[in-house]
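What follows is the residue order along each chain.
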Amino acid sequence: MDDTMAPVTRNQAPKISPFLEPGKTTKVGSLAILQLSRDNLQPVYLQAPSGKHDGYAEGAVVNTRYGSFPHSTMIGVPWGSQIRASKVDTGSRGRNNKRKRNKSDDDGKEGPAAIPEAKTEPESTPAEVIDDSSAATKKVVADVSGFIHILPPTPEVWTSSLPHRTQVVYTPDYSYVLHRIRARPGSVLIEAGAGSGSFTHASVRAVYNGYPTEAERKGKVYSFEFHEQRFHKMNKELKEHNLGGLVHLTHRDVYSGGFLIDGKSPEAEAIFLDLPAPWEALHHLSRRNPKNPGDKDWVSPLNPKRSAHICTFSPCIEQVTKTVSAMRRLGWVGIDMVEIVNRKYHTSRERVGLNLSMDRGVNNSARDVDEALARLTEIETRFREHAAKSKESDDEMDGDDDGGLIKMREKKELKGGKRRGGEKKVKVDHKPASPESFETPASGVPLWMEGRLITRGEPEIKTHTSYLVFATLPREWTDQDEAAAASRYPVVGEQKVIGVVDKAARKQERREQLQKATGNRKARRMERAAELAVTAEGTAPEVVP
Amino acid sequence: MHSLIRPNAWVGLKLPSGSTKVIQLVPDTTISLGKYGAFPANLVLGRPYHLTFEVLDKTPDESFSRLRVVPPSELHAEAIAEEDEAEGNAASATNGANQAVVTATEGEEFSLVDEKGNVVARSGREVIDDSAIQTLTQDEIEELKKEGNNAGKDVIAKLMLSHTALDQKTTFSLAKYKLLKTKKYIRRFQVVPIDVASFAQWQLEEKDASKIMDLRAEMFGLVGCWGNVHFGGEDSMMDDPHSRTDQGEETCVPVQPDELKGRWLVVDDTCGMLVAAMAERMGVLYPKEDDDEEPMVPEAKEEVKTAKPTQNSVAHENADVEMSDAVPETTVPERPKTTATNKKQKVRPKGSDFVVPLSQTNTLTVIHSTSQPNLSLLNYWNFDITAPNHPPHPLLNHLLNLTWLQLLKPELDTSYSTPPPTASAEELASWKPSRRGNFHRKRRRFARTRYIVDSTRAGNFSGLVSASSMDPISILKHTLPLLSGGAPVAIYSPSIEPLAALADCFSVPRRTAWTSGNVPETAGKSLEELERWEGNEQFPLNPTLLQGVSIQTSRARRWQVLPMRTHPLMTERGGADGYVFTAWRAKPAEGRVEARGKFKKIQPSSSRKAVRTEEDSTPAETPAATEEDDSATAAKRKRADTLPSLDTEGSSAPENVEAGDVASPTKKRKVDGEVEV
Ligand SMILES: C[S@@+](CC[C@H](N)C(=O)[O-])C[C@H]1O[C@@H](n2cnc3c(N)ncnc32)[C@H](O)[C@@H]1O
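Order-wise, the sequence lines are chains A and B. When you number the first sequence by my numbering, it's gap-free, plus one each residue, and the end is 545. When you number the second sequence by my numbering, it's gap-free, plus one each residue, and the end is 1677.
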């Protein structure tokens, strides 16, 4: 069932993926990410306007709750552009289209753009071309309101907008993983299973150092997925993203099938396993056949010249126990387990005070004790005046107790609050009217600067994603290797000591070095080098490899 | 990279105590690990990384300690034994058979296992310190450590035996038993490469965290990814204008904006740690190694005498270039002759003074606040920005640096604004070599400065990454205009406050006020002018230049994974949590752009057709919508609650009505209910 993806055709230079080099402007056929609101991202493949599309006279259109956006308005514009909504006649489209339209309305969670089969034009069509290329396409008219932003695809926006087929690895986890497994330009990385491709996109960016040519090995991701539909979907996506030459996707069960490509080693140095039972795949990731170390025919998928760095990603502790146990027995070292907790913060203005506007979100209670005191005093004064007055008029109502008075006082208090806020406002009213003066309230401090700036965590936190197990497998080192190294670097007599040397000796040494050095610049460099050597000596708690 | 340990490489030596020692492995020297012994550096050179070595005792006929590679089976023997034991225990409990197994305790330090991995004896720290020590004096231990034939293991075994009743039970032979987890006396170390992850961790946990502004591994990951820092394209070197020495600045190659690709702006107050992390992600931190096959021995030996290591071991394609202020050829380079002559042959005949040895792609541009950038930590990767005549290093062609003055007021910068000297060939020939050298150096420096300043000011950067003690608002004020549309911004700060203040510059109310056209100062200004908005008290930054503003933090919680004893670590490093501000550079549309949202004014007036709601803007203070649509809607609904003034009921609070509307209280109501649900 090794249904391996065909390598990119050699004779045509691969177009660089928009993930790796988006260019300055948006292009036909390219993936773009529409940012509807801060956390609402929707991927779309931009299509050249070619007459009526799906019932729209404007060609392909993305409908959102913020308006309608014909693709033609989003092509050939700088990335990051704010795009105005257009007046699109949604009404005259036939009933037949109704279902489809509803689908594209629902925020794009279903998959890129819900725009059927893009007939991708081979090269970019800048915006100016739009009009003559499609006489049949209706010219678009800007709507009075509504806009979105158009962003270039990056693994981060892709991760939060991609069509989910499985659980995916999010940025807080994958950013840490890729750092720890040393996925860098030029690395070869093995990944299983591919799932929805979230990690794949992040890892290909990490290892990318150019598209491979016949002559040169380049950074590459070897990805494995045994679920057939996911495999096909992902393959399609990789092509659409021009990542075909950088990711080699294989349809395979890696527990039984391992990680070789046509029997050959991908020579990986970084591995990420997001599988239900990583320990069942681990034995393939050895230097020698673990069951028969003498097996000459066994091929390791690892780069024989480098240490291999692995990370396994498992939600349950039992999986971790099994994985770690297998790693220990297979000779992995530096085993380290962590979990990542990420938190997002929002900033806002906390507006507390009696004199603030009566807007929602404003806490109309005393800002501090002074304010409370002033207010209480005022009420008390008014209450007394009132009580005195009513005593005169309502003298006969003796017997009516404190209860009535207290109620009255409470009422006053309520009113007082309102009135105070109002009194201030009234002053503003005398100022020259600004059409949107609700922006500049009473205090004279604009609304966006009023109150105290605070940060708050997001309403819901992901407290657990998965456990990350890291480990390293050094390269193999045979007796012959050791003999060769020993003859290359023979031990010679009489040696300078590096490391723990007493301070006096070190100082003396540095002084001599400085004296020897001629010219200022040299001395400075020496000093720097010496400092470096000194700073390098301290020791303290653990460093995790 | 990092296949075999190369001569003069900086490496980390991880010791049994858990600490790491960072040293340079200079050939023909002795490496001392203090109480863990000493060994000749040559014994680890040419060996692989990540192996664990044990320092053996000196044999009588040798003056130094040899090393032994400790196999992983031995490193993990105790854990494996425990696992087996755990399984065995379960089995033996039912069998009723309970061999001479001593129960495990949390604080244990050593255990003895027999050849099959069965635990024979364990001992806690107290036992060694108290009762056992009574039978062996400290002197004895020291002595045994020195003369013992198995690197201290016998001593521990003896200590343990002296306190257990083991010798009565079994006829104990040392040879038969293995001693495990011997933190105190076993002389082991593992060699790890100095890469960004291992170095930063050492700097953070053992050295001086403040030097790198407490940057933790999680932060490198977040900043690197959100900054979208990656390999920015094949090198495209600057052309040589072939200027003659009597030609001036007019012959410098002008900046070709279309050639500039994959460039990141950096503000680094972490002594170069951030630059190193980015360079690693861009593939310009480590020299290209010819698949790690090592230079031959003679070469390796030659290096020992040089001040700057690894020049022979590095072989970068574009290595044959120089820093602008390179010392004149006439001075004797402090490097092996072979490399020096190579260089001369390759570069000098064709390179004119005005050729700028920089790539136009895949570059890092560091803006610094002192006249020289502090990137001292790059020395660990054998890069010294202050070194003249630098040996080949990939950073040479990919690291650009300029001061804030050069960026913002280049005309005030001497090296930018002083025209390069010119002289005819005859004149030059008549000069002393040193004067000639000076002349060329000045011209090279001029061309370089000119190019760096002009290309940086040309903008179109792919991203901005910062870890700085400067106010991020001030940084963005001057760097936002330099970013291309859609370019990410990732700003690290050890504390959240500066980032919160920054995010507040992009808050919904501020943005709303700005876009509603009520900021008098913006009136009549073009988009370009507003991109370079100089800021005022109310609007420190143009609030429409960033989208998707967000602040986050990440924390890795570390666990111990052992049979029956798996739990999070009891303590971890505290201090600064570290936060990352992220956003994308937006290109606002021309003119006034109305948002579309839930609420609209009923009476459209000429001055305000619709009230912009928070829905469309992407504010900093709105709660994150979660994946599920429901909660997203819920979050939005909630958002509306905190939104100022939009849904105030005019009738109940007539005092709040704006002046112009007193006669007709502003009534707002939902006009497209379909949108809300
Ligand atoms: C949680 S998903 C991976 C998600 C992925 N890391 C991402 O970020 O999108 C796990 C995937 O592994 C696949 N898988 C499970 N067992 C496998 C096996 N033995 N061989 C190959 N793939 C396997 C599943 O089909 C599933 O798609």
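It is possible that part of the hints are untrue.
Covered stretches of chain B, as calculated for chain A (at least 3 residues, CB under 8 Å) [to be verified]:
(1) 1240-1249
(2) 1449-1460
Simulated restraints on C-beta separations [said to hold, decoys possible]:
(3) A:K239 x B:R1532: 51 to 61 Å
(4) B:S1063 x A:E482: 15 to 25 Å
(5) B:P1433 x A:D481: 41 to 51 Å
(6) A:H232 x B:P1254: 47 to 57 Å
(7) B:G1535 x A:P315: 44 to 54 Å
(8) A:K239 x B:G1248: 28 to 38 Å
(9) A:G23 x B:S1526: 20 to 30 Å
(10) A:E482 x B:E1087: 47 to 57 Å
(11) B:A1501 x A:H464: 46 to 56 Å
(12) A:G444 x B:A1501: 15 to 25 Å
(13) A:K139 x B:A1501: 38 to 48 Å
(14) B:T1566 x A:T463: 46 to 56 Å
The calculated lysine-lysine pairs, modelled on DSBU-like cross-linking and capped at a C-alpha distance of 30 Å, are [to be verified]:
(15) A:K496 x B:K1035
(16) A:K344 x A:K15
(17) B:K1477 x A:K344
(18) B:K1035 x A:K236
(19) B:K1432 x A:K15
(20) A:K239 x B:K1261
Hints in this document: simulated from the structure, not taken from any laboratory. Glycine included, every Cβ here is placed at the ideal spot set by N, Cα and C.
To see whether the hints hold, each was checked on the structure:
1. 1240-1249: violated (count 0)
2. 1449-1460: violated (count 1)
3. A:K239 x B:R1532: 51 to 61 Å: With a Cβ separation near 41 Å, K239 (chain A) and R1532 (chain B) fall outside 51 to 61 Å, so the hint is violated.
4. B:S1063 x A:E482: 15 to 25 Å: 21 Å, holds
5. B:P1433 x A:D481: 41 to 51 Å: Hint holds: Cβ distance 49 Å, inside 41 to 51 Å.
6. A:H232 x B:P1254: 47 to 57 Å: Holds, since H232 (chain A) and P1254 (chain B) (Cβ atoms, about 50 Å apart) stay within the stated range.
7. B:G1535 x A:P315: 44 to 54 Å: 47 Å, holds
8. A:K239 x B:G1248: 28 to 38 Å: 52 Å, violated
9. A:G23 x B:S1526: 20 to 30 Å: 24 Å, holds
10. A:E482 x B:E1087: 47 to 57 Å: At 36 Å between Cβs, range violated.
11. B:A1501 x A:H464: 46 to 56 Å: 32 Å, violated
12. A:G444 x B:A1501: 15 to 25 Å: Holds: the Cβ-Cβ distance is about 21 Å, inside 15 to 25 Å.
13. A:K139 x B:A1501: 38 to 48 Å: 45 Å, holds
14. B:T1566 x A:T463: 46 to 56 Å: For T1566 (chain B) and T463 (chain A) the Cβ distance comes to about 18 Å; the hint is violated.
15. A:K496 x B:K1035: Between K496 (chain A) and K1035 (chain B) the Cα gap is close to 18 Å, so the pair holds against 30 Å.
16. A:K344 x A:K15: Violated, at about 36 Å.
17. B:K1477 x A:K344: Within the cut-off at roughly 24 Å; holds.
18. B:K1035 x A:K236: 59 Å, violated
19. B:K1432 x A:K15: Answer violated: K1432 (chain B) to K15 (chain A) is near 54 Å, above 30 Å.
20. A:K239 x B:K1261: 23 Å, holds
Hint compliance for this structure: hints 1, 2, 3, 8, 10, 11, 14, 16, 18, 19 are not met, and every other hint is.
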